[in-house]
Amino acid sequence: MDKPLRVLIAKPGLDGHDRGAKVIVRALRDAGFEVIYTGIRQTPEMIAAAAMQEDVDAVGLSLLSGAHLTLFPAICKELKKKGLKDVLVFGGGIIPDEDIPVLKKAGVDGVFGPGTPLQTIVDYLKGKLAVAR
Amino acid sequence: MPGKNDPTDLVKRVRRGEHAAASRALTVVVNDAPGSEALAKEFFKSSGSAQKVGVSGPPGAGKSSLTGRLIAHYRAQKLKVGVLMVDPSSSISGGAFLGDRLRVMEHATDPGVFIRSLASRGMIGGLTYAIFGAIHVLETLGCDKILIETVGTGQDEVEIASVADTVLYVTTPAMGDEIQAMKAGAMEIGDIFVVNKADLAGKDKAVADLKAALGLGHSAGQAMKAWEPPVLATSAKTGEGVPELASVLDGHWTHLRKSGEGRARLKGQHATELQFWIQRRVIKSALDRVTDKILEDMVSRKTDPGSVGRRLLEAR
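Chains as they are written, first to last, in our numbering: chain A, 252 to 384; chain B, 82 to 397.
Please note that the accuracy of each hint is not assured.
Unchecked claim - Straight-line Cα separation of at most 30 Å, BS3-like style, residue types lysine-lysine; simulated pairs:
| hint | chain 1 | residue 1 | chain 2 | residue 2 |
| --- | --- | --- | --- | --- |
| 1 | A | K332 | B | K264 |
| 2 | B | K161 | B | K264 |
| 3 | A | K273 | A | K331 |
| 4 | A | K332 | B | K161 |
| 5 | A | K328 | B | K161 |
Hints in this document: simulated from the structure, not taken from any laboratory.
All chains should be built: construct the whole structure from the sequences, respecting the hints.
Okay, structure coming up:
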């Protein structure tokens with residue numbers, strides 16, 4: 252039997268609005284993932300250290316404050332610094348369309364805006380991570 | 082990735098104290114992945130010297146927050162701390178929300194602290210079958226103290242007593258009267274009892290109730306231990322009582338090493354580890370071979386549980 256996939260959901264920066272992150276945590280739990288949640292106001296270093304110690308398959312970032320162009324790339328950089336080159340990074344929140352290519356270039360594989368059906372994110376993770384394994 | 086899970090290399094790197102190697106080794110051991118037995122064998126050799134502290138108690142008592150306080154206390158003494166936090170897996174989806182880590186995130190970037198969240202993955206009793214394998218990785222990493230937080234427990238989850246050296250039972254001022262504390266089960270296994278949330282009203286009454294219940298006589302297990310379980314009040318919120326708790330934890334560790342009980346407990350732990358191994362290999366492998374056809378045959382009374390069970394066990 253396949254072992255559950257592990258995902259870290261993290262909220263970087265000063266944004267305290269974590270309902271979206273909690274909805275994702277719950278949806279992934281119900282889809283059979285083992286989900287770890289960092290809580291709010293995390294630095295890129297804290298998120299990368301947690302991802303490393305938990306040996307997760309993916310890291311999901313949630314940010315609604317507008318600081319994604321600074322924080323998401325900083326987290327991708329920290330993950331690489333820790334040797335986590337295979338970890339899938341995805342993100343969501345209030346992210347303008349024109350920012351998406353910039354984030355993708357920085358290492359964020361998937362970006363999901365408000366209103367994305369939960370099943371879309373579950374299918375995305377299962378698809379990507381099945382290939383990775 | 083080639084060489085990523087190479088056992089000799091991994092063990093060497095874990096011994097050197099590399100967190101990334103420990104993390105990878107934990108995944109291999111916990112998932113029972115290919116090569117896990119060879120790895121586990123090496124890690125077992127380096128085990129047996131750290132104090133394993135079990136933190137148990139009902140959900141919401143403050144086990145994770147108190148664990149965070151203990152980490153800070155041990156770090157002030159320059160001790161290396163390993164933490165394993167278990168939360169329940171869903172019996173429906175197989176998924177889990179491992180929510181303990183967010184209470185200890187302040188220690189995330191401390192190189193002297195390694196924290197791993199584990200899902201119970203079908204085990205009843207507050208832990209996970211892979212718990213010993215995980216402990217041995219952290220022992221090999223060089224941790225001086227290993228804190229093991231159980232799933233939030235009810236009255237009946239006592240597995241931690243045969244895994245940890247010292248069991249900390251955490252409760253709150255709202256836990257109920259001394260009648261609750263007189264029941265068999267979880268209340269019997271504590272080496273140290275803590276009334277957490279001492280910043281709330283009712284702390285003194287809760288401490289008195291616990292002491293009264295414990296004072297009625299030794300539990301069957303405790304009679305042999307020659308250790309009177311103390312009752313302390315702490316507040317993970319304010320830090321009140323944490324230094325006292327840490328000193329009692331040290332006292333119990335000294336007691337275990339000076340009396341013969343430490344060795345007796347270690348033997349008990351090995352017996353349990355063996356039991357978990359057999360449960361994973363024999364029982365689970367037999368259960369995995371139960372097919373719908375077998376169940377259909379039972380419904381139509383072509384066969385019975387005894388006949389099927391015997392066949393599954395013998396067909397290994």
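**Asked** Does the alpha-carbon distance linking A:K332 and B:K264 stay inside the 30 Å limit?
**Response** violated (52 Å)
**Asked** CA of A:K273 to CA of A:K331, is that 30 Å or under?
**Response** Between A:K273 and A:K331 the Cα gap is close to 26 Å, so the pair holds against 30 Å.
**Request:** Sort out whether B:K264 lies within 30 Å of B:K161, counting only the CA atoms.
**Result:** Since the Cα atoms of B:K161 and B:K264 sit roughly 36 Å apart, the hinted pair is violated (cutoff 30 Å).
**Item:** Agreement of A:K328 and B:K161 with the hint, judged by alpha carbon distance not exceeding 30 Å
**Value:** holds (27 Å)
**Asked** Within 30 Å, alpha carbon to alpha carbon, are A:K332 and B:K161?
**Response** holds (23 Å)
Going down the numbered hints, you'll see the structure goes against 1 and 2, while the others check out.
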